[in-house]
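K.L.:
The lines below spell out each chain.
6 protein chains.
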Amino acid sequence: MRPSGREVGQIRPVTFTRHFTAHAEGSVLVEFGNTKVICTATVEEGVPRFLKGKGQGWVTAEYGMLPRATHTRNRREAASGKQGGRTMEIQRLIARSLRAAIDLTALGDHTITVDCDVIQADGGTRTASITGASVALADALNTMVADGKLDKNPMKGHVAAVSVGIFEGTPVCDLEYLEDSAAETDMNVVMLEDGRMIEVQGTAEGEPFTQEELTAMLALAKQGIDDIVVAQKASLAD
Amino acid sequence: MRPSGREVGQIRPVTFTRHFTAHAEGSVLVEFGNTKVICTATVEEGVPRFLKGKGQGWVTAEYGMLPRATHTRNRREAASGKQGGRTMEIQRLIARSLRAAIDLTALGDHTITVDCDVIQADGGTRTASITGASVALADALNTMVADGKLDKNPMKGHVAAVSVGIFEGTPVCDLEYLEDSAAETDMNVVMLEDGRMIEVQGTAEGEPFTQEELTAMLALAKQGIDDIVVAQKASLAD
Amino acid sequence: MRPSGREVGQIRPVTFTRHFTAHAEGSVLVEFGNTKVICTATVEEGVPRFLKGKGQGWVTAEYGMLPRATHTRNRREAASGKQGGRTMEIQRLIARSLRAAIDLTALGDHTITVDCDVIQADGGTRTASITGASVALADALNTMVADGKLDKNPMKGHVAAVSVGIFEGTPVCDLEYLEDSAAETDMNVVMLEDGRMIEVQGTAEGEPFTQEELTAMLALAKQGIDDIVVAQKASLAD
Amino acid sequence: MRPSGREVGQIRPVTFTRHFTAHAEGSVLVEFGNTKVICTATVEEGVPRFLKGKGQGWVTAEYGMLPRATHTRNRREAASGKQGGRTMEIQRLIARSLRAAIDLTALGDHTITVDCDVIQADGGTRTASITGASVALADALNTMVADGKLDKNPMKGHVAAVSVGIFEGTPVCDLEYLEDSAAETDMNVVMLEDGRMIEVQGTAEGEPFTQEELTAMLALAKQGIDDIVVAQKASLAD
Amino acid sequence: MRPSGREVGQIRPVTFTRHFTAHAEGSVLVEFGNTKVICTATVEEGVPRFLKGKGQGWVTAEYGMLPRATHTRNRREAASGKQGGRTMEIQRLIARSLRAAIDLTALGDHTITVDCDVIQADGGTRTASITGASVALADALNTMVADGKLDKNPMKGHVAAVSVGIFEGTPVCDLEYLEDSAAETDMNVVMLEDGRMIEVQGTAEGEPFTQEELTAMLALAKQGIDDIVVAQKASLAD
Amino acid sequence: MRPSGREVGQIRPVTFTRHFTAHAEGSVLVEFGNTKVICTATVEEGVPRFLKGKGQGWVTAEYGMLPRATHTRNRREAASGKQGGRTMEIQRLIARSLRAAIDLTALGDHTITVDCDVIQADGGTRTASITGASVALADALNTMVADGKLDKNPMKGHVAAVSVGIFEGTPVCDLEYLEDSAAETDMNVVMLEDGRMIEVQGTAEGEPFTQEELTAMLALAKQGIDDIVVAQKASLAD
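Residue numbers (the UniProt record's numbering), protein chains in the order written: chain A, 1 to 238; chain B, 1 to 238; chain C, 1 to 238; chain D, 1 to 238; chain E, 1 to 238; chain F, 1 to 238.
Careful, some of the hints might be misleading.
When chains are identical, the list treats them as one kind, so a pair holds in a single copy or across two.
Calculated cross-link-like contacts (lysine-lysine; reagent style DSSO-like; alpha-carbon spacing at most 30 Å) [as the list claims (entries may be wrong)]: (1) Lys233 x Lys222; (2) Lys82 x Lys233; (3) Lys82 x Lys222; (4) Lys52 x Lys233; (5) Lys52 x Lys82; (6) Lys156 x Lys82; (7) Lys149 x Lys222; (8) Lys156 x Lys222; (9) Lys222 x Lys52; (10) Lys52 x Lys149; (11) Lys152 x Lys82.
It is worth saying that the hints were derived from the structure and are not from the lab. Fair warning: this is a prediction, and the values are worked out from it, not measured in the lab.
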């Protein structure tokens, strides 16, 4: 029934290429099928002004998309002079998701900036970004521990995200572009590896959705995220 | 237990002042306790370029906050030269919520722009905006029917929104600022009057939340929204 | 002869609603007939960089208009990315007018920012803004005295402003939109309560004007401002 | 008494160098003593969108200042990404002044853009700009008549402007920087050559001013403008 | 002598990964050692306004760098609201270089936009961009021929570019970051495959350079470009 | 053969008017035939942040063009909200050229900003800017020596620049607009007075150019620059 022939709860192949670029403290190419995102984590000394003297670190995120990551070319945001509302919304979501998974007090006087740049888009770029960013962040934090900048890694666990939605009347997990653009409801779920929720964002694109549909989608999301966390752990064990 | 002495499921007094300003096709001052938002709906001929020839209308929204709507003054966005990420995120939410409640095909070649401007903030400005915008939109659409521009009002029902959250371990409904700034989890729920969901956005501010907590919050939201819809209907019946 | 039936020197009903919003040190809704402006005064510690160490305080102002304050919707300045020339011109006028009425040395190391936001426009928004801002400023300064931040209120007197113009050949006072858009000459006059002038800005919209016409307009302005100052004093006496 | 030794009503030497640059339809270097402004008038076919089909032409103006036209270098507005409030205010004044002196209906389907760029500032740049722009505009319009684009020059007369102010208690005409920066009151007056007023903008920098002071300043302005118009006419007669 | 042990005229390993991303008409990952750039060519119908009706097509280019492509993180240009001078300069160079290698008249009513996005930087990003863009452009044009949009490929030949410079007194070819940052003179050379020059940009970073040094650098550039063109041809022959 | 009747190696009359404006430490009007540029050098205490504590000064440059310096009016960059790519490219070239001619360490804790503003354009504005800026810089530095701010002038020699190109198949020096707009190849050469090169930028506008053509153009440039340096020295000797 799904364009790809996948089962309703089956996620696309998820791969992580760590150390994808050379300079960043953490650098991961994450792929969810044909969706590909470069996630880099940069560690810098100090914190933003509003946190000075509060005894905690900070994690922030920026999101971008190469102009031709999509079927038709989008205008480059640097050229148009501002980031669009969709970009703003996504990068705020990524940052909140990562912060919820980290003990900021234990991070000390450091700021970590995670850049998620989509080089090829086929649906689910924001959830792929969060998922890859979690691995890049883990690499960066482990480096800080190895360098003696931190006593121990302040992550509470891996963070993973997946989209779920109602496609042709049926709840499905990890929508690719063909499904995403036709879905009646679209929901992004971010969880800690223990299954607790960090973010839930469900949107009715056409008809409103019911409590039952919400419950069904959350169950699919839980299952997909469990599979993703396995892949995250395997990648970091290499 | 709540700073205001309210019950966990009790919303603040909600009032709508229709025809609040003179020029707009729909103009409503909505108050959720001390949160006050002016919502105006403007009807214009034509649709945005990307919809030309597609046989449907459009609803969009913009959100703003007077610089001193808050405890300390925020910089005016017009002076800083751009809308912040929070503003972008909120106005996209308002617009999606309203579009999900309307038959855009029946709207014909018209664009309705809803402006939500917060003049006093005490928590829940985005949910108050959606709730007030629904009334302003109804007024504008009824005017269009009265003027012969539409055969009938294309709304599927009233749209109402409320925030719920976990405050000091307990799920509560309609958080005011004191609660909002201390909540462990914050969720905004937008429903059609029949109880189906249009948007659900839950965010863990501190610890991740569980499925049980999500279910409890949704139940409170449903109850609060039922109360709000009663107020919307009473206001429009005047 | 006037659209409203008013006498040539008769101003519209002027009302001030003090404490209109909750957070600002001074907050006034001023109404000149159907023109309605929210004026808030915010007190902050410190002065702008160019005044550091000069032993004086500062008063500045910003002006805005809700998009649908007018007959047709204007584009939101925050969305277009800059304040227009008219906005700039008006907020500079408001700020100069208020500064001329205050002993900045006696203000000490404080900056007061006055925001004037038009929620409904029917001509004379800049003069209404100045007039309302004067009351909001007085409230803020009196609060500072009460809080022990100042020994005494450093205002030299109330500031009031009114527009005068030549409408269908006759000088009239306090033009509403219908008159304003048809006037041959438009003049804004700002006075201290003792009748001395702070700003005079006269503009020939069509034909140039003569010294005699200028004198007639100034006389009408003096009379209108006297009436406005009475209302200001009554409001502050409440 | 004046720093320059001038009489209270004596203007600085005013000169016009016509055809100062080669490409513009009108190009004038105007000098008021050490204040030097390049004024060019550019004629283009068509009118702005808001005037299409209304049977009239348009005159607009832009004002700029080279970064080191002043004692200390000012940031280049093109580099800072926006025109400041002062620039906006001045260019709106120049444009209004020129439009008030021309029969826009007789201008036909043409737009004239006048650029006033200050290369050296010593007080009175806005009044010098208007005065020089009037000559550049006359040259451009005469060229249009010569080219058969217009039947006759649609100017109602020359436009001239001068600043007056109260310096050390005495009203003086055409303030240079030393006077301007110390003046208690500063007024810019724009007149048609027949002495009727196009713009009057008086500002109390320190103490408010009285009706008598206003009258004295206007008389000085009238006298100064008469002298300037003589120079304008002589220049155009060359 | 060189940090990498390369001969003075020896270029780094150059590789091209064609069809690197899925959506673009031409998509190439080019690597010059550790410098890695994604080059995509997008074909669109129509030409910019200034070329309408002139009977020719257009080629333009945009350049970007991921924030952490470099040793320390650079601010994202989309977030800072404008492209920097260096970016502007480079993308203008890329576009001119490509246009000089193509018969724009034979391109017909098409615009090709080439995006060069640096994902890892180690010196020579602009010359790598031009070199990779040439291959992406060839792919896009060959696709247009295959699709019947063009009769034949309008490229005059391959375009390749390399940097040369004077490092520790010796002219060397294809500088990596360690050399580039210490070079006394830096020159970028762009040639058509027949050895004729399209762009030569030499800059003295420290001491000015002589005619002899210029000649030596050009000879090295010619040799390096010959090697690069061989690699381009081999890649396209796959 | 040339439109002006000049010999192939003959430059236009070059003149320098020193002390052109009153306030700048160095101010020069440079004319290359009908190309006229105001170059001012401003001396300020301190250095940009990235140089703090490095024991050297800084020289930077900004370039602008009055809107009607050209045949048709260009939009004012301050009004459009950003500097274009061409402006950026030119001002970076000017700044690099000047820095290459000065011992920045000997400049001490000073920043010199050179503004080059084109008031009339007829080809070669960037080379005229560099040439005039060199004289303005010399004046500013000599003033600093006279004022005791520097022990001696830190310039290594005069900097001069000229454009050369291939016009109708023949290499020519110092192209005016008519030649520039038709040239097959355009090259800008910046030299120190001893003939060593600071910048060489050659661009094929139509066909690529050969090594022989490059050599011929460089020879013409050397000859033209020798003539220009004579004029620079004569001007400074006045």
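K.L.:
Against this structure, judge whether each hint is valid.
P.N.:
Hint-by-hint comparison with the structure:
For the homomeric pair Lys233 and Lys222, the shortest alpha-carbon distance inside one copy (16 Å) is at most 30 Å, but the shortest distance between copies (39 Å) is not. In this homomeric assembly, Lys82 and Lys233 never come within 30 Å of each other (Cα to Cα): the closest approach is 37 Å inside a single copy and 39 Å across copies. Taking the shortest alpha-carbon separations for Lys82 and Lys222, neither the intra-copy value of 36 Å nor the inter-copy value of 38 Å comes in at or below 30 Å. Neither within a single protomer nor between protomers do Lys52 and Lys233 lie at most 30 Å apart by alpha-carbon distance, with minima of 34 Å and 46 Å respectively.
For the homomeric pair Lys52 and Lys82, the shortest alpha-carbon distances inside one copy (28 Å) and between copies (25 Å) are both at most 30 Å. With identical chains, the CA atoms of Lys156 and Lys82 are never at most 30 Å apart, being 34 Å at best within one copy and 35 Å at best between copies. Proximity of Lys149 and Lys222 under a CA criterion of 30 Å is satisfied in neither setting, with 34 Å inside one chain copy and 48 Å between copies. Taking the shortest alpha-carbon separations for Lys156 and Lys222, only the intra-copy value of 18 Å comes in at or below 30 Å, while the best inter-copy value is 32 Å.
Proximity of Lys222 to Lys52 under the C-alpha cut-off of 30 Å is found in neither arrangement, the shortest distances being 37 Å within a copy and 41 Å between copies. Taking the shortest alpha-carbon separations for Lys52 and Lys149, both the intra-copy value of 19 Å and the inter-copy value of 27 Å come in at or below 30 Å. Taking the closest pair of Cα atoms, Lys152 and Lys82 never come within 30 Å of each other, the shortest separation being 38 Å inside a single copy and 39 Å across copies.
The structure fails to meet hints 2, 3, 4, 6, 7, 9, 11 from the earlier list, while all remaining hints are met.
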